[in-house]
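Engineer: Next come the chains, spelled out residue by residue.
4 protein chains.
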Amino acid sequence: MSDKRLQGIFTPNLVPYTADGGINEGELRRYVDWLIERGVHGLYPNGSTGEFTRFTPEERRRIVAIIADQTAGRVPILAGAAEANVRETLSACEYYASLGIRAVAIVAPFYYKLSPASVYAYFKEIGDHTPIDVTLYNIPMFASPIDVPTIQRLSEECERIVAIKDSSGEIPHMIRMIQAVRPNRPDFSFLTGWDAALMPMILVGCDGGTNASSGVVPELTRRLYDLTRSHQIDAARQIQYDLVQLFDTMIYSAEFPEGFRAAVNLRGFNMGQGRQPLSSEQQTDLSALSSELQCLLSAHGFTDQPVGGCPAAPPTASDRAEVSAIVQQVVAELNRRGLM
Amino acid sequence: MSDKRLQGIFTPNLVPYTADGGINEGELRRYVDWLIERGVHGLYPNGSTGEFTRFTPEERRRIVAIIADQTAGRVPILAGAAEANVRETLSACEYYASLGIRAVAIVAPFYYKLSPASVYAYFKEIGDHTPIDVTLYNIPMFASPIDVPTIQRLSEECERIVAIKDSSGEIPHMIRMIQAVRPNRPDFSFLTGWDAALMPMILVGCDGGTNASSGVVPELTRRLYDLTRSHQIDAARQIQYDLVQLFDTMIYSAEFPEGFRAAVNLRGFNMGQGRQPLSSEQQTDLSALSSELQCLLSAHGFTDQPVGGCPAAPPTASDRAEVSAIVQQVVAELNRRGLM
Amino acid sequence: MSDKRLQGIFTPNLVPYTADGGINEGELRRYVDWLIERGVHGLYPNGSTGEFTRFTPEERRRIVAIIADQTAGRVPILAGAAEANVRETLSACEYYASLGIRAVAIVAPFYYKLSPASVYAYFKEIGDHTPIDVTLYNIPMFASPIDVPTIQRLSEECERIVAIKDSSGEIPHMIRMIQAVRPNRPDFSFLTGWDAALMPMILVGCDGGTNASSGVVPELTRRLYDLTRSHQIDAARQIQYDLVQLFDTMIYSAEFPEGFRAAVNLRGFNMGQGRQPLSSEQQTDLSALSSELQCLLSAHGFTDQPVGGCPAAPPTASDRAEVSAIVQQVVAELNRRGLM
Amino acid sequence: MSDKRLQGIFTPNLVPYTADGGINEGELRRYVDWLIERGVHGLYPNGSTGEFTRFTPEERRRIVAIIADQTAGRVPILAGAAEANVRETLSACEYYASLGIRAVAIVAPFYYKLSPASVYAYFKEIGDHTPIDVTLYNIPMFASPIDVPTIQRLSEECERIVAIKDSSGEIPHMIRMIQAVRPNRPDFSFLTGWDAALMPMILVGCDGGTNASSGVVPELTRRLYDLTRSHQIDAARQIQYDLVQLFDTMIYSAEFPEGFRAAVNLRGFNMGQGRQPLSSEQQTDLSALSSELQCLLSAHGFTDQPVGGCPAAPPTASDRAEVSAIVQQVVAELNRRGLM
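Chains as they are written, first to last, in my numbering: chain A, -9 to 330; chain B, -9 to 330; chain C, -9 to 330; chain D, -9 to 330.
Treat identical chains as interchangeable: a pair holds within one or across any two.
With a cut-off of at most 20 Å between alpha-carbon atoms, the simulated EDC-like pairs for lysine to aspartate or glutamate come out as follows:
id, residue 1, residue 2
1, Lys114, Glu84
2, Lys114, Glu147
3, Lys114, Glu245
4, Lys114, Asp10
5, Lys(-6), Asp177
6, Lys114, Asp137
7, Lys103, Glu271
8, Lys103, Asp238
9, Lys114, Glu271
10, Lys103, Glu245
11, Lys(-6), Asp216
Derived by calculation from the structure, the hints in this document are not laboratory data.
Given these sequences and hints, build the entire structure.
Structural biologist: The following block contains the structure:
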């Protein structure tokens, strides 16, 4: 039964925008092909990376329809299906089932922070009526957490709930989930959404991941997955280290997912301007980030170096402390003049 | 200029449901009349209490349209207008303007936790293009926080941004906002969304509140508002104490806003079953809560006592410790048998 | 019975240091006199402001002994008495009782975050054996929280527990504590440790405060206390606003309690260098802060303006945004060069 | 140079108490021998597990002296040396150096939550004057966090700072530290304090751990360490799973470190009653926990089963839901009667 599990790296699809803020269908289709050609095991539209909350219900359906059409069965698709309430969510599930989607992923209710009992009741209602396999989506930094007893109970009571995607990044939590569920449900799949722990997550028993980095460097995440699965620990570790550096730069240097969008631009796609407005300071920052990302990507041969080249070696902490001291003085002076 | 400020208690409207989960228009209209007759200064549909995230965009518009029609200008309306992105939000603003709404309230972006720069850019874009006055809505437990420098900057740059509704409940934060904004914008209004601090909030300079309790006991919140504004401190304090007890019971004993819905049922409305599914344990809890609420409301003469009566006096901590010890023993025994 | 309650502003004593890092006894005695002359109702050594964790057990005793000797009964003293464990704490209590201290204040256990049951057991053991009145000290940002049921139970079971000092700053929490305890213990006192909410705390029923600002501007906190107690709301509010500005500057611009120490220096005391080492950047910041504090204090006539004067008016948010943009550009450039 | 690194599992020593609450020297010496005989690589007194905050400065020194004497050089000792301030801490370092201790471990300042600049300044002062090698101790749930730039800078500037013990349990954080430090300091050691992630921590590059579980089941943690270092992934994973179950039971079912103390009792030591008082409910819970731990330990052959035996199989989530429903009804009834 365990060979039917969802497995491998499912790329959480970014959506390219047209100049007037719509969905850039042509570029999206081209991006889908590019990802599949580079070895991703599946696609995952309408996730957090795909900015699902920034689209209307109609747009969310259209995104999945385009990707399903372009994929044409080459890889399985996991489609984000969370809508305003259970009824709307089930209606989206019906539609995605009609498109031949492999499974839907449903994030726990967000905005309100629900108790475990409510999270259970929500997924139970969905699990009992869904026409398509369901992946639970746990992302406690954004949505109500799905705790281990809730996952265990849902896995025992709802056979159409077949997987969990966990973006907490916590290894012990992953172990606890697997221990609680796998004995009774060997077909249940565990996917991690936290790129910075992909290798150790697989080593403790995860079946794969939905990792935003795989939309930027699918070659690298695929290689990491293969090396880890075959227990080539030292080689895998080195790629995991590189991935942490790249992931941290993309996720912490700009408003999510702008850093990922900037990096995909560098891989040759026209991602357009995002729907969340940016201040002029943020636009400046994004240019600096793009330059930094280009250096990281060029080190792996994925792009050329930016005009002007890249720093020879990372600065030491002392270099940074010196610069920091200069900045502090400027700031103190502005402060003294009442300007900050 | 300051006499044009939004002032008083705006009731965040709960929405009654029909048996099949739709909007119960008749009961909603009856509830609107009841609130206005009991002295609320304004109405506030599509807030957190109004479960705005659980409705479709079309339903949100319909709720405002019904309330505007029923209110017929008797009190001003503040309508929640946050949609999936800036374009959709502005489109909702146009519609609400066409209904003669006094102002919209727009919550900061949620799900993603945005930086202050992004929150600024979001509201700046809206503030520059809105056809209707805008109230910022800060609720850091659910959405990206709006910090003081952001509020100050927006108030200086966008004259159509005219108020902030703050649900943080923090007195010092309220003082900081008022200090930063009022000197340049005497017309800017400060509303608190945290019922448990309504009296002290008004005393430090707040103009009013959007308080869920006012949908349950509008008589009490109105009296508290009037006593506080006229500096009848001792009388106001006693009502504030009662309100804390009632508010805590409604907000902490059930998934928000179910406790408030249960209490409005006790005031004579048929609120129907909420859209967030409840487990059977939760339904049991809700019955116990309803009984407890009935005792609290009957103490103020708002309802009869429940069948079987109410406890004579609150139990002491030692009573509770004794009961807790019994429960602990049961739990320990279940634990020993491996059942918990 | 309620007239025996601890009441008024107890100043949490800072400790001046000698050049070699010891306790500066002469300056401490001079500071005690200065505070009493300016109207503080009591003194409070070995609190968080008094850096109790940075002294040895012997030093903590010596600080209280000096202050008790210098005070000579002019005002009551509340002495922090928390030591490594219950036995050591009770031993300190004996000593402080022998010095004629009014009551001790004991912070909940820190480092480990204890459950309410453990916090109860800890204070119960102390409350049953203490030879001196005990004030519970709740400061959840630093120590295990003391929740309302625990306070209620301790107040019912231990008559030598006579007060709580709460530094959470949460108004509803204060109301809940008073509601739970006052009916059975009219002699129990409630003190707030959060200066930025002193006026509203008193208005909802607090008996006073242990406020670090009172060590810097005892004249102001005393006036605020008196105006608030006599319900002169408008006058009190203005002082509360000024206090928020001063408090925020002292608490958020430097490592606590360095901002308060810098301000007391400006009032004419030689506080010496603190025991927590500062980096050179932090020392620069502290000079800038001192200059800013001098402007705030001079506005109230407590000091002269600094050499070079003070800014005429606070900069607007747009001024600050402009400066921020310049700083951003510098930072982006340093970033581009790999220096930050 | 890297072969000089601190490596392996250092057991954070629990301290057995006598009937009157003192240090039980005989039992402590017997426990030290027992641990060494079961293969732990080193000992670590005065850590969080060793309840260092609950001892006086004199007692902390005595604990290390006893352990050093009993160990007699068989394994290296890492001694917790944090005292009230830098001067006292350096004085303890001198003493521990005189005992032939391998290195000290110094936790970041706690109670006050310090900024990275202050944490740097604190350790820099210590690193510049210590007579003994220093291990930084990062435990953000209890003390000020030590961030990656601070670790990097300290490792570059202070050669006597030779290691970090990190109890955050975050894999990506561990990777970031190693990436930042190892290139310049191949002799620098990384130890994890989070037992539930020991295997994956070692696989991403950690040198070992200071794991409380190793004081309970030293045989198991040693086997896990050896299997992991030799990349026997599948065998290591199974032990890691068992360890998570045991660790979770010990750490989440009682106030830390009482669960660990209860388990060591089961291994044949008389740990005595802890210094933190327990309520009667907590004592009941601890008995139930002890029984549960005995079942877990007997499954590995470390103890006999408790009288009455162990549950045949873990209950399912549905069993638990049923029991939970019964408990809920009891609670609702008590609630209705005003007793809870």
